[in-house]
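**Student:** Here the protein sequences come in this chain order: A and B. Basically our numbering = 1-based index in the first sequence + 507. Basically our numbering = 1-based index in the second sequence + 507.
Treat the hints with caution; some may be incorrect.
Each pair may be met inside one copy or between any two copies, as identical chains are not told apart.
As the list claims (entries may be wrong) - In silico DMTMM-like pairs for lysine to aspartate or glutamate, Cα to Cα no more than 25 Å straight-line:
#1 Lys830 x Asp633
#2 Lys876 x Asp563
#3 Lys594 x Glu556
#4 Lys790 x Glu803
#5 Lys636 x Glu562
#6 Lys553 x Asp522
The set of hints was computed from the structure by calculation and includes no laboratory data. These numbers come from a predicted model, not from an experiment.
Number of protein chains: 2
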Amino acid sequence: MSRLVMKFGGTSVADMDRIRNVARHVAREVRAGNRVSVVVSAMAGKTDELVGYVEDADVDFDRAEYDMVVSSGEQVTAGLLAVVLQKMGIAARSWCGWQVPIETTNAHAAARITAIPPENLLAAWDEGKVNVIAGFQGIGPDGRITTLGRGGSDTSAVAVAAALGARCDIYTDVDGVYTTDPRIVPRARRIERISYEEMLELASLGAKVLQTRSVELAMVHKVPLRVRSSFDPPDSPLQVMADGTGPGTLVCDEDETMEQQVVTGIAYSRDEAQVAVRHVKDKPGIAASVFGPLAEAGVPVDMIVQNVSTDGLANITFTLARKDLRRAVEVLERERENIGYATLDTADNVAKVSIVGIGMRSHAGVASKMFQTLSEKGVNIEAITTSEIKVSVLIDEAWMELAIRALHSAFGLDAEDETRVS
Amino acid sequence: MSRLVMKFGGTSVADMDRIRNVARHVAREVRAGNRVSVVVSAMAGKTDELVGYVEDADVDFDRAEYDMVVSSGEQVTAGLLAVVLQKMGIAARSWCGWQVPIETTNAHAAARITAIPPENLLAAWDEGKVNVIAGFQGIGPDGRITTLGRGGSDTSAVAVAAALGARCDIYTDVDGVYTTDPRIVPRARRIERISYEEMLELASLGAKVLQTRSVELAMVHKVPLRVRSSFDPPDSPLQVMADGTGPGTLVCDEDETMEQQVVTGIAYSRDEAQVAVRHVKDKPGIAASVFGPLAEAGVPVDMIVQNVSTDGLANITFTLARKDLRRAVEVLERERENIGYATLDTADNVAKVSIVGIGMRSHAGVASKMFQTLSEKGVNIEAITTSEIKVSVLIDEAWMELAIRALHSAFGLDAEDETRVS
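Throw the hints in and build the complete structure from the sequences for me.
**Tutor:** Here it is in structure tokens:
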């Protein structure tokens, strides 16, 4: 018997009809002989409603109380799915985070899972039951309810799978991970298999299908992760084959991925802004005088470019999340005298486009092919960062879609037919 | 420092503005030097919404899962009230039933409280905190969430007060217990003090202001219980005096109540139906043949009248809750041959009117004064039951309001001015 954790997000459990649909997916896996634990999110919109109440009570709320309130949404879904499964003749019981227990740090609203003793879940399996677990929540060292931060249910699911030695299927509203966003590139293809490292890069570079933390956790614990659609027909035998082929996208170890393209996927982010600190003295410590105060103010910085002009003065340009732009400017204006710059220029009409692929390690010239492709389309590059398996460029947002389409073709990712986006 | 448990029902915490109003009531008591624990219900309508989900999932639902889902409502209110109190500068923390812990039997959806170890709540008091406790819920012997049945938050509050050696103020949407329903008798008066026994009779005879179970529990543990309005101005010094006078109604031991009327209050219930089993043999065992099968079918019976007619045949008449009438008739029709009756007559246009007062014990003639009063108004009595401190009559529902008004005057309960119903 195979051990399986199935995770369903908020849109998949948005109302009773969808919860019944989820139950049919679960029933199919149970009848196929799997031992199943399910991790559920709150019904879509419910968490926002609860957060709204808390913020109405106090914008500067106590995070322990926030967790008390907000965790109730997943508790409701878990109980309801257990009832629906029972009505279908599938033995099931629900679990709050504290009942499992899913033990976490004390960092309310942003807790990290420290341990999941598997005994209770294994005992319920031995009684022939499906475990239905409230995602997103746990219990802190002082016995209070914690939550894992937004989107934490993916992390709950992977952690439960690691504790149970199970594989993990993440059901979502898309049918897998795509070479890029099919709304931008109609010829984007579903990726059959992708390595943890590549998925991690894509997730952290803007692909929204999986939470970065959950991919990290899956990589560390070697939990095979499948991303698939909860809107697939639930009763049909869309089984995963013994060789791993099947619906959705399998995220797995590099050596289990097949021979493939040099570039696996293209991610993008519109959530970018750029700051140029112009005409500073080109001397040691100048970068520290810019980035020290930003770090103290809690503003994360992404790409950094420093260049020296002919007059011996330097420009320091960097990118950051668009939402942090105002705060960054406040900090730098306060520090103007100390840094000694002439002007501060900002832009929030920039976007980041990234190509990701493990094949880059063994193929030279990937970055230059990217720059060449963009140059042929007349796209100017404002900044560049690279890692072993990705190249990111900052460009004018107006050119973003054009750039993605050009790169998707250039690296051979186009499907023969247009993708149908469900 | 006085120890106080304050309980707020669903209409008192129906939205954020009302929760802020509740917090001002709590703040007033804290600033007056009391050690305060608060018990809250779910926001009005929330429990019905959650029950609706469960019933949609399966009409024949698992009660353990029902408790998982339905208990979430109180959890939300407790967290929100704690946040609002903190914002007002009052140290506070919330508690789920399992965190206190409020230990209960395993009877899901109708659990009884078995113990409340007070250590955690006392420790929070020692840290200067207000405890905000989710009502209606507890934890069963197997570590699963239980609920106490509808209206169980009153019971939670009294049980917490008993565990803490505190008095208990029940805040509701009326400003106390009245001699009868002011919507029927505009001259109804608020009762200043009432004994546990009288309150118990009134509650079980149809007065809806307090749950019967909570009054029973208060009586056993001698918890002084005050019923008062959450719509009173929260910041004004509506303090309870040392002699116990104050807003609302104090429910307390008989020897603490003052000299008073023979009749303290008049209760009524429209939720009544009557069944007449006519022309049965007047022989031993005939009553058992009627009421045995009803008991087996779980139909509780209230008043019973048996009389023998001149032809040696008997009639057995009894009353029951209107919602049980159809089931009772089914049972009796099935048992017709065994009982051997001629006809089965039913009526659901009947009502029960009851007078309650500890003074009856020492005053003769209370019942006959009641019958005389009704007779003078031409009200026919269908059935009578009595206890040491109450007399109930079954009458035609059409005469109910007339009967209540006549009795209210006859027993000297009318106020000089009309009551303003808030």
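**Student:** Would you pick out the hints that fail for this structure and give their numbers low to high?
**Tutor:** When the structure is compared with the hints, numbers 1, 2 turn out to be violated.
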